[in-house]
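Undergrad: Chains as they are written, first to last, in my numbering: chain A, 1 to 223; chain B, 1001 to 1223.
Rather than coming from a laboratory, the hints here were simulated on the basis of the structure. As the structure is a prediction and not an experimental result, all values here were calculated from the model. We put the CB at the ideal spot given by N, CA and C, even for glycine. Mixed in with the good hints, there may be bad ones.
To be verified - Only part of the chain B face toward chain A is listed, based on derived beta-carbon distances under 8 Å:
#1 PRO1042
#2 GLY1043
#3 ASP1069
#4 VAL1077
#5 LYS1078
#6 VAL1127
#7 LEU1153
#8 TYR1155
Below are the chains, spelled out letter by letter.
Protein chains: 2
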Amino acid sequence: MDEVKIIEIKKSIFADNDKDAAELRKELKNKGVYLLNLMSSPGAGKTTTLIRLINLIKDKIRVAVMEADIDSDVDAVKISEATGVESIQLHTGGMCHLDAEMTRQGLDNVAVNNADLVILENVGNLVCPAEFDTGAVRNAMILSVPEGHDKPLKYPLMFTVCDLVVINKTDVLPYFDFNMEKCREYVHMRNPRAEIIPICAKTGEGVDALAEWILKEVSNWKQ
Amino acid sequence: MDEVKIIEIKKSIFADNDKDAAELRKELKNKGVYLLNLMSSPGAGKTTTLIRLINLIKDKIRVAVMEADIDSDVDAVKISEATGVESIQLHTGGMCHLDAEMTRQGLDNVAVNNADLVILENVGNLVCPAEFDTGAVRNAMILSVPEGHDKPLKYPLMFTVCDLVVINKTDVLPYFDFNMEKCREYVHMRNPRAEIIPICAKTGEGVDALAEWILKEVSNWKQ
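Looking at chain A on its own, in the form it has when it is part of the complex:
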């Protein structure tokens, strides 16, 4: 097993997270670094999706990953072993989200100047992470088929703040009562401009569309 860097995140001292997030975004813009905040429920397939995605784009842009987790380092090790890109683990010490200052603590520990894209894998949770701007350029979330197409009705804020909704585990669509059209409708009820990309991270199906989306995003950001 590879060893990965583990950062123990400290609670933020800044009172105004929105201001702090806007500042972080400006700094990243100046450095030409694109930060993506990736959220989901536990087990929706964030890590598997990232491995597929990174292996499709790592020859075109420089990628680094920050894995936020309550206290394991399973995901950072997996990403590092499967893709070879820099991957660090952020321990939140029980905290259920990351804000901009906590994200900054992570960024201070990746080789940000050697990355075009930094992906923050947020804590697996559809409630708290949605409430805090991390300073990311975009928020993305993965909804997996087994969770059901009604989740935008039940977790409104998460779907309101996300620019991209990846629908994962499409290979098991035949075994679940998941209505893709209804899902699209509910997502757009929360955010009419949200991009929706169905994929199967296990087989790789659809991940090319995700790669295309992120490459275009990064290229626009660097202009």
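Since the structure of chain A is provided, determine the placement of chain B on it from the hints.
TA: Relative to the frame of chain A, chain B by itself:
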């Protein structure tokens, strides 16, 4: 659609939640009311499981349900329509968990004196709800097969505080890399005394074992 009572939960003013929870438990003991706190990720099948379970036990004991949700009333309506038992919705106003005082606000609004068992369906989240004693007699959680058997490694506190782990969606075991033995091992690593009951809420398989567990629990509590 039936109408259900919707309670807007207010933030707690009590500083010592553990003390408050212990007091609530004592009051419930005196009234002979068993409170079960049911937790899970979004989409793990809490509501479907409850409907199956309640229909198996409602002729033997009196059941009421409190559905905590950020702001919809989908679940309380579903439960009420499918089982006929009293079901109220607790709106947490964005809060990601319930503590004892918030649970008490809910209990004040169900006909507690006419119930042997009150089930609190907590907010769908494996992080925050684990941190607060609600005053329940037992904590239970539902882990669904698509989420993966490694969840006890990644959400240690949730599995430490749960007396019962229901493993749902066993009908899709053939389509996921879910190792039941490893799951048992990881759950018992967090809590060696945890009961594990595999079920399929969709087909009803295994729910009889869950019914047996809860009937025995309620009967012991009322002695």
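Undergrad: Run every hint past the structure and note whether it holds.
TA: Results for each hint:
1. Using the Cβ-Cβ criterion of 8 Å, the hint placing PRO1042 of chain B at the interface with chain A is satisfied: the shortest such distance is roughly 5 Å.
2. Annotation: interface hint on GLY1043 of chain B holds; nearest CB of chain A at approximately 3 Å, less than 8 Å.
3. Checking ASP1069 of chain B against chain A: minimum C-beta separation of about 6 Å stays under 8 Å; hint holds.
4. Hint status for VAL1077 of chain B relative to chain A: violated, with the closest Cβ pair at about 12 Å, above 8 Å.
5. Against a cut-off of 8 Å between C-beta atoms, the interface hint on LYS1078 of chain B is violated, since the closest Cβ of chain A lies about 10 Å away.
6. With a cut of 8 Å, the hint placing VAL1127 of chain B at the interface with chain A holds, because the nearest CB-to-CB distance is about 4 Å.
7. The beta carbon of LEU1153 of chain B is positioned within 8 Å of a beta carbon in chain A (closest approach about 6 Å), and the interface hint is therefore held.
8. For TYR1155 of chain B, the interface hint holds, since its Cβ comes within 8 Å of a Cβ in chain A; the closest pair sits about 6 Å apart.
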